[in-house]
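Using the sequences and the hints, build the whole thing.
Residue numbers (my numbering), protein chains in the order written: chain A, 1 to 267; chain B, 1 to 323.
Don't read these hints as lab results, they were simulated from the structure.
Label pairs and their calculated CB-CB ranges:
| id | chain 1 | residue 1 | chain 2 | residue 2 | range |
| --- | --- | --- | --- | --- | --- |
| 1 | A | 250 | B | 279 | 39 to 45 Å |
| 2 | A | 20 | B | 193 | 38 to 44 Å |
| 3 | A | 108 | B | 210 | 48 to 54 Å |
| 4 | B | 313 | A | 130 | 31 to 37 Å |
None of the values given here were measured: they were computed from a predicted structure. Glycine included, each C-beta is placed from N, C-alpha and C at the ideal position.
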Amino acid sequence: MSGSRDHSRSRSRTNAALGAAGLAGFLALGEAVPRLGLVSEDYFPPTSRIATALGTELGDHAFWTALGDTLTGWAIGLAIAVGAGIVAGVVVSVVPYLRRATASTIEFLRPIPSVALIPLVVLLYGAELRSVLLLVVYASFWQVLVQVLYGIQDVDPVAEETARSYGLGTWARVRHVLWPTALPYVMTGVRLAAAVALVLAVTAELVIGAPGLGARIAVAQTSQAVPDMYALVVATGLLGLLINVGARTVERRALVWHQSVRGEVAL
Amino acid sequence: MRRLFAGLTVGALLVAASACGSSGGSGKSGKSPSSGSPTTVKVGIIPILDVAPLYLGQEKGFFSRNGLKLSLTPAQGGAAIVPGVVSGQFQFGFSNVTSLMIAQTNGVPVQAIANGVASTGEPGADFGGLAVKKGSPIKSAKDLVGKTVATNTLKNINDTAVRESVRKAGGDASKVKFVELAFDQMPAALAKGQIDAAMAVEPALTTIKSQGGTEIAWPYVDVAEHLTIAMYFSSTQYAQANPAVVKAFQAATAESLAYANTHPDEVRKALTTYTKIPANLLSELTLPQWPAEADRPAIETLEKLGEQDGLFKKTPDLDKLLP
Numbered sequence: 001m002s003g004s005r006d007h008s009r010s011r012s013r014t015n016a017a018l019g020a021a022g023l024a025g026f027l028a029l030g031e032a033v034p035r036l037g038l039v040s041e042d043y044f045p046p047t048s049r050i051a052t053a054l055g056t057e058l059g060d061h062a063f064w065t066a067l068g069d070t071l072t073g074w075a076i077g078l079a080i081a082v083g084a085g086i087v088a089g090v091v092v093s094v095v096p097y098l099r100r101a102t103a104s105t106i107e108f109l110r111p112i113p114s115v116a117l118i119p120l121v122v123l124l125y126g127a128e129l130r131s132v133l134l135l136v137v138y139a140s141f142w143q144v145l146v147q148v149l150y151g152i153q154d155v156d157p158v159a160e161e162t163a164r165s166y167g168l169g170t171w172a173r174v175r176h177v178l179w180p181t182a183l184p185y186v187m188t189g190v191r192l193a194a195a196v197a198l199v200l201a202v203t204a205e206l207v208i209g210a211p212g213l214g215a216r217i218a219v220a221q222t223s224q225a226v227p228d229m230y231a232l233v234v235a236t237g238l239l240g241l242l243i244n245v246g247a248r249t250v251e252r253r254a255l256v257w258h259q260s261v262r263g264e265v266a267l
Numbered sequence: 001m002r003r004l005f006a007g008l009t010v011g012a013l014l015v016a017a018s019a020c021g022s023s024g025g026s027g028k029s030g031k032s033p034s035s036g037s038p039t040t041v042k043v044g045i046i047p048i049l050d051v052a053p054l055y056l057g058q059e060k061g062f063f064s065r066n067g068l069k070l071s072l073t074p075a076q077g078g079a080a081i082v083p084g085v086v087s088g089q090f091q092f093g094f095s096n097v098t099s100l101m102i103a104q105t106n107g108v109p110v111q112a113i114a115n116g117v118a119s120t121g122e123p124g125a126d127f128g129g130l131a132v133k134k135g136s137p138i139k140s141a142k143d144l145v146g147k148t149v150a151t152n153t154l155k156n157i158n159d160t161a162v163r164e165s166v167r168k169a170g171g172d173a174s175k176v177k178f179v180e181l182a183f184d185q186m187p188a189a190l191a192k193g194q195i196d197a198a199m200a201v202e203p204a205l206t207t208i209k210s211q212g213g214t215e216i217a218w219p220y221v222d223v224a225e226h227l228t229i230a231m232y233f234s235s236t237q238y239a240q241a242n243p244a245v246v247k248a249f250q251a252a253t254a255e256s257l258a259y260a261n262t263h264p265d266e267v268r269k270a271l272t273t274y275t276k277i278p279a280n281l282l283s284e285l286t287l288p289q290w291p292a293e294a295d296r297p298a299i300e301t302l303e304k305l306g307e308q309d310g311l312f313k314k315t316p317d318l319d320k321l322l323p
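Here it is in structure tokens:
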């Protein structure tokens, strides 16, 4: 990410052009493969038919309700995960011995796939928003927590000692030393968590049947409405893209002062 | 329509559900549904053909007239519905009869309270059938010996029914190989030759036929003349604590079923509100029957066949299970 501004701007323009060409090629392939009869049109409709179905979906009020449901689950789940992840990460790092006491537990809980908890949440909450939230929070919490832990570990001991010798209290050190060091890590965690949260929100709806885009995909599937199903899958893909772009923008805004974003060579 | 019928995979869940299912269920006890503001009941359903009468009855006001407000909650199959009903998130649920019998013999406290859906009983015009692809050498259920048949769940109502078809056609049912496949994936699997036959229900059945496939048997009809396939149920605790609500639900459901039976056009219209079945399939598909009452002799036959197939740990108690 180093180099002059002009250079990076022209490079980003080339990247955008290449990206657009790649996408166009992919769409053309999606049109050609079923048309040439390589796969059955019944099960893999050409791009144009998916696009038509997507247009119909966008004009349907129920689609926007489903989108709203998915985004509600995503946003609330992400907010809880980020809040809890940051607080837990800071507390675990700041309180003496807590990091080592919790390390093995965290390493045990973290790799449990959220999807494996589906039978449990169905028993606890049935097909409701709470089920979605539990899965989303469980999956994205670890992303944030682990990044916060790494970030705080990265604090420069000299800066930390300096702050101590100037008599800064715990809160002041968290605010002025820990937080600025950890923030780039936290932002990475939030970006990863945002993507994971969407995956889990849609998965939960698809498997459990909680209202949202996932449940709509399942209905299209059971109704033999194949183009509609692909259109909804595309819609979730676009949503993921928007969320990623949004998360990157937030990250860049929050870290304008940081060298990774400023793009200047560190001294 | 996948996992329409809760399979044995649910068994473990069911047992777990029964263990922690005593918390809910009696939350709204003592309230009479016919007086004052309507009682809201949550019904766990699968968004398929079978539950159209509830949507229709809700629209026609049959439930509000009985003091009930329906909250129809689509769930992905019995795997989510049975635990939901037992733990009290749903007051009522929709499940096939074999699954209810399996649940009961596993000690899960469920009780059927109203009829759900039945086979039309007409060979050649049922909403579920055993189909093969175009040009298949398999001409009858007897030819399935040594072949692979897809059903949506194993060890449940559909493979039991297919076995009966094979037996009735004079074949050895124990030599038929069953694989589990969701209904919506059956047309593709059949076309690609991954399976030799599929026990499909609408709308997948119409998709198969539109691709040139043919039905070789009607397993539901082979089991009984008017086979009751699925019913609405509640937990035993809820039914005991809320007899008035259950009675109101029974009355409104019976009315809805009767109305659906005599107004197929309105059923097809109702289907567009909660499914996405394409218009070309919608006009062609065969609707099931919705009798107001369950057919006890047919369920007894289903029970015997299930026992023969080893589905139950002990004999189901139909007197306790059925309304």
